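K.L.:
Here is how the chains run, residue by residue.
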Amino acid sequence: MNKPQEPTQSTQLDHVFMALADATRRQLVRMLAEQDRTVSELAAPFSMSLAAISKHIKVLEAAGVVARRIDGRVHTLTLCPEALSESLDWISIYRNFWQRRLTALDDVLSTDRIPPLEGD
Amino acid sequence: MFELTMNKRCNAPVARVFAAWCTTDLMRRWFGPGEMTVPEAEVDLRVGGAYRVVMRRPDGQTLIIGGIYREIVTNQRLCFSWQWEGSEAVTEVELTFRAAGEQTDLTLVHREFETEAARDDHNKGWQGCLAKLAVFA
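Chains as they are written, first to last, in our numbering: chain A, 13 to 132; chain B, 18 to 154.
Hints listed in this document are in silico derivations from the structure and should not be mistaken for laboratory results.
Note that the structure is a prediction, hence the values are computed from the model and not measured.
Glycine included, C-beta positions come from ideal geometry on N, C-alpha and C.
Don't take each hint at face value.
Stated by the list, open to error - The calculated lysine to aspartate or glutamate pairs, modelled on DMTMM-like cross-linking and capped at a C-alpha distance of 20 Å, are:
1) B:25 <-> A:119
2) A:70 <-> B:76
3) A:70 <-> B:109
4) B:25 <-> B:102
5) A:67 <-> B:105
6) A:70 <-> B:102
Claimed, not checked - Calculated from the model, a selection of chain A residues having no Cβ within reach of chain B, i.e. all distances over 10 Å:
7) 49
8) 87
9) 116
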């Protein structure tokens, strides 16, 4: 394709958005927006296992939405609001997501009307 | 409930735009824009049938979306559920295709249904985030 590549930031945004597409993870972000919390503090209000909550936290970490501080055996999570600045709510997250895909869709439709069949 | 509506005029006839949404070899070419790729796409195009699309970032991390077809009217309407692998949240996507000469008007509606409690929480929570952002900025 003769289009310039989008910056990596956009694919990072997809990760942020995927992380926030889940209600439990949004709840964790809300709790961290109030103050830094330990893993067990974060897990306390939920009826799921610590392991399940840890998994959710890892998704948020991978997206750069939260960061972990380790003090001996205590793991404290903190919110990284800069990762959220482009995508504060569900609507803007998905608007960005779909905008980029609809543009790519139109590019594919416009550039070659008869696509070669790739072996699937 | 959150709802997002987007309109796009596509530079292709309606049959081709519709096909781009439910033919794997076409989907793979636009569902991972920019630096992303789509190594796998599966479509079982019938009501109750499933789809699954794997998007891969340049660093190898993958995001997987999947769902069930709710309504299929060839070249007119395509409705499906939308669920990220690893997430319990299910949202709904509704596509409408309308011919505009040799072009196509595509409307995409994406909805998230949530309980009232979750919505109230959501509003409170994001105000906290915004406050923190304001400090950050």
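K.L.:
Determine for every hint whether it applies to the structure shown.
P.N.:
Against the structure, the hints come out as follows:
The suggested pairing of residue 25 of chain B with residue 119 of chain A holds, with an alpha-carbon distance near 12 Å, which does not exceed 20 Å. Note on residue 70 of chain A and residue 76 of chain B: the hinted pairing holds, with a Cα-Cα distance of about 17 Å set against a maximum of 20 Å. Between residue 70 of chain A and residue 109 of chain B the CA atoms are separated by roughly 26 Å; this puts the pair beyond 20 Å, and the hint is violated. Proposed proximity of residue 25 of chain B and residue 102 of chain B is contradicted: the alpha carbons are some 27 Å apart, above 20 Å.
Between residue 67 of chain A and residue 105 of chain B the alpha-carbon distance is near 13 Å, which keeps this suggested pair within the 20 Å criterion. Between the alpha carbons of residue 70 of chain A and residue 102 of chain B the distance comes to roughly 14 Å, so the proposed pair stays at or under 20 Å and holds. The beta carbon of residue 49 of chain A sits about 13 Å from the closest Cβ of chain B, which is more than 10 Å, so the claim that it is off the interface holds. Listed as outside the interface, residue 87 of chain A is consistent with that label: its C-beta sits roughly 20 Å from the nearest C-beta of chain B, beyond the 10 Å cut-off.
The Cβ of residue 116 of chain A sits about 4 Å from the closest Cβ of chain B, inside the 10 Å cut-off, so the non-interface label is violated.
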